[in-house]
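**Student:** Model the full structure from these sequences, guided by the hints.
Just so it is clear: in the sequence shown, position 668 is 677 by our numbering, and no numbers are missing.
Please keep in mind that the hints were generated in silico from the structure rather than gathered at the bench.
Quick caveat: nothing in here was measured; it's all calculated off a predicted structure.
C-beta atoms are modelled at their ideal positions from N, C-alpha and C, and glycine is treated no differently.
Any given hint could be a false lead.
[Said to hold, decoys possible] Capping the alpha-carbon separation at 25 Å, the derived lysine to any residue pairs in SDA-like fashion look like this:
#1 658 x 550
#2 572 x 364
#3 433 x 450
#4 487 x 410
#5 664 x 535
#6 658 x 450
#7 578 x 550
#8 424 x 450
[Unchecked claim] Distance ranges between label pairs, derived from CB positions:
#9 496 x 474: 23 to 29 Å
#10 364 x 471: 28 to 34 Å
#11 664 x 235: 41 to 47 Å
#12 658 x 423: 49 to 55 Å
#13 269 x 346: 38 to 44 Å
#14 307 x 496: 35 to 41 Å
#15 208 x 466: 38 to 44 Å
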Amino acid sequence: MSTPSALDRYREGSNKAIISNDSYLPLTSGDTISRPSDCRSSTTISTSRFSRRSLAAIALEKTSNVFNNLLASSLTTTSPNPYLRNSPSSNSLPQSQTQNITSASFSQHNDLGDKTNVYSRGCGSSANNFTLTLLSLPVTLTPSAPLNQPPYPRRYTLQGNHGFAPLLGSSYTPQEESETVMSNGKMHQTSSRLLRMTSDDRPFTRDFKDLFSTLIVSLKLETHRVRFSKFEHTFTAEEAINNLGSLKFSQSNRMPDPKDPSRIVTTTTTTTFSMAKEMARAVCQRSVDARFIESVDGRVTTQFPLKGALFQLTPKGIHILQRFCQRNGITARHILDVLESPRNTMQLVILERDSTTDQISQDRATIEVIFRRFAGQDGPNIKSSVSTSDSDSVSDYSNGLVGVKLARERKVGDKIIHNTFTGKAAVDWLMDCCTIIDRLETFEIATMFVKQGLISVVFEDKNFIQQNPDATLFQPTKYAIYAVTERGSRICGWIAREKPVVSTFDGRIAPRDSNNARLNNILQDPALRLLFREFLRYSLCEENLSFYLDVSEFTADYHRREKAGSFAKMDAVRETLASAYGLYNAFLAPGSPCELNIEHALRNSLASRMTRAVGDDASMLKSLTEVVGLFELAQISVFKLMSSDSVPKFVRDPKYAVVLQDHDVELNNPSGRSYSPTAAPIPERSLSRSTKS
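**Tutor:** Here it is in structure tokens:
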């Protein structure tokens, strides 16, 4: 029998319970449209599970023999030592298996209507169904109310219907479907795109966080009593599993038609998720593993219970939910109560990820930025005694501002070592205080700490190394001991640096071209981008950077598809246009949750174009081209705003002086051209006024 790879046992955690292969089904890729109850437009993965076999069941099995043999054999096998990347584990399925399973999808849907809802439908089956659909953007024209009425608010409601039962014992190969339907004077546009998956068969971090947040918004989050104690803002395991059966999250913007103020234009973005009970259970367990939710009794679960358990959001989960609500303008009372509760204390480290692979940036500067927070930029977090255990409770790092728990002095052999911590304490801090959802990533970051000389090995866990030969640098156990090195102490500011920190970035007298160059470097450097995002978040204008980066990704995808000739197929046009509406509704539409401060004329041009973008196939590609051009202009406007307003304040902030000193040469680059994320040359109109003058 082959030896498990280095981190197999680690991914399973210290608990030795055997986890079945189907405890985590991957969010695989495919295409659906938005009606999960319609077998023609939903993607289904199902496995029949019968404890008693009737004649009808036997007949059904004979008619679907091939399908049942394929999935029943692959989804019900348990393995005590699942391989980390190339075989089923708590987070993954093998490539060969995922290729044979009907895929889930994101479907982007343009719907014209004046309602915004979050629906939750119960899942009435134990089949392993999973469908994930993203519906995006609609445009509709309806008669206007008098213009002297109050502004048109974004509306959010919660609706539930627990009568939904997914299909059993059947699988449908997804097809990319798009349609435009005129009904009751409203235009309905649907397009689909594949769900983004990483190389190790897990959903992109952002997609999973959106799924989690959508689930939480759909729950009631009431006060529950357990014995003699009350727990506020909690939910039961049954409620979470049932609501994951079918979720639909919609957001709408209503505004006057720029060409005809007597009419109202409504744009709606809808995201839907649907899955069967076993899949929903696996997603809930993944949320527990990501430290988004926890049992109110503090028990650590390896398999999410079907019933009889009460859960609450962790400080990390509340922070994830808060960022989702800010982006989407969610103001439901039961959600605001959670966000305003005393448990909302966390300040997560928002890790920068590669937009195409979802991998965490692991360059030297980024790892050092993470290490400063890890070690404690305001000084070490000393434990009361060496014997104090490293608790599994997320309350140990409830605010994310203190570093990992350290022992001031620890005797190892005949030596006294200062500022030591265990491998388990390290991964607990990284899991609790960073936007990490997979334990493997904590191992990778901690290993980089060792490689870069920020921490050193004091005592190895040889038993763990024997079982995991690749884990020679870092072992995530309570028996492995590590210490902060002298270099690490200097990096996090505990001891004086070799040369004084003198910031040469005087934003008050720097020319505009210099600030353009600095912002250009910030946008391209993951470490500076991480700190700049943190600075903007405290300044209450993080949406500027979010929009700039989202448009960079959108336009890069557009130019890549254009170069490849993908727009010969209307599905690609609809999908890209749907993404544009998602950005428009979030950042640019009047009253949007993250509405940006851009020029009035540009805002009107965007509103006029977006209300006419959905039409026949012949005009849709032309509309998309014009929309991309307007988005690039909006991006340039936001670049100028950050360059003139945020960058000077950022470079003068003493909190970031150490990192800025390390990037002195790059930030003083004399180039003054604004950064363009696309492969296309920058048109003359796209240059800042200071560059052209």
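**Student:** Find the hints from earlier in the document that the structure breaks and name them by number, from lowest to highest.
**Tutor:** Of the numbered hints, 6, 7, 8, 10, 15 do not hold.
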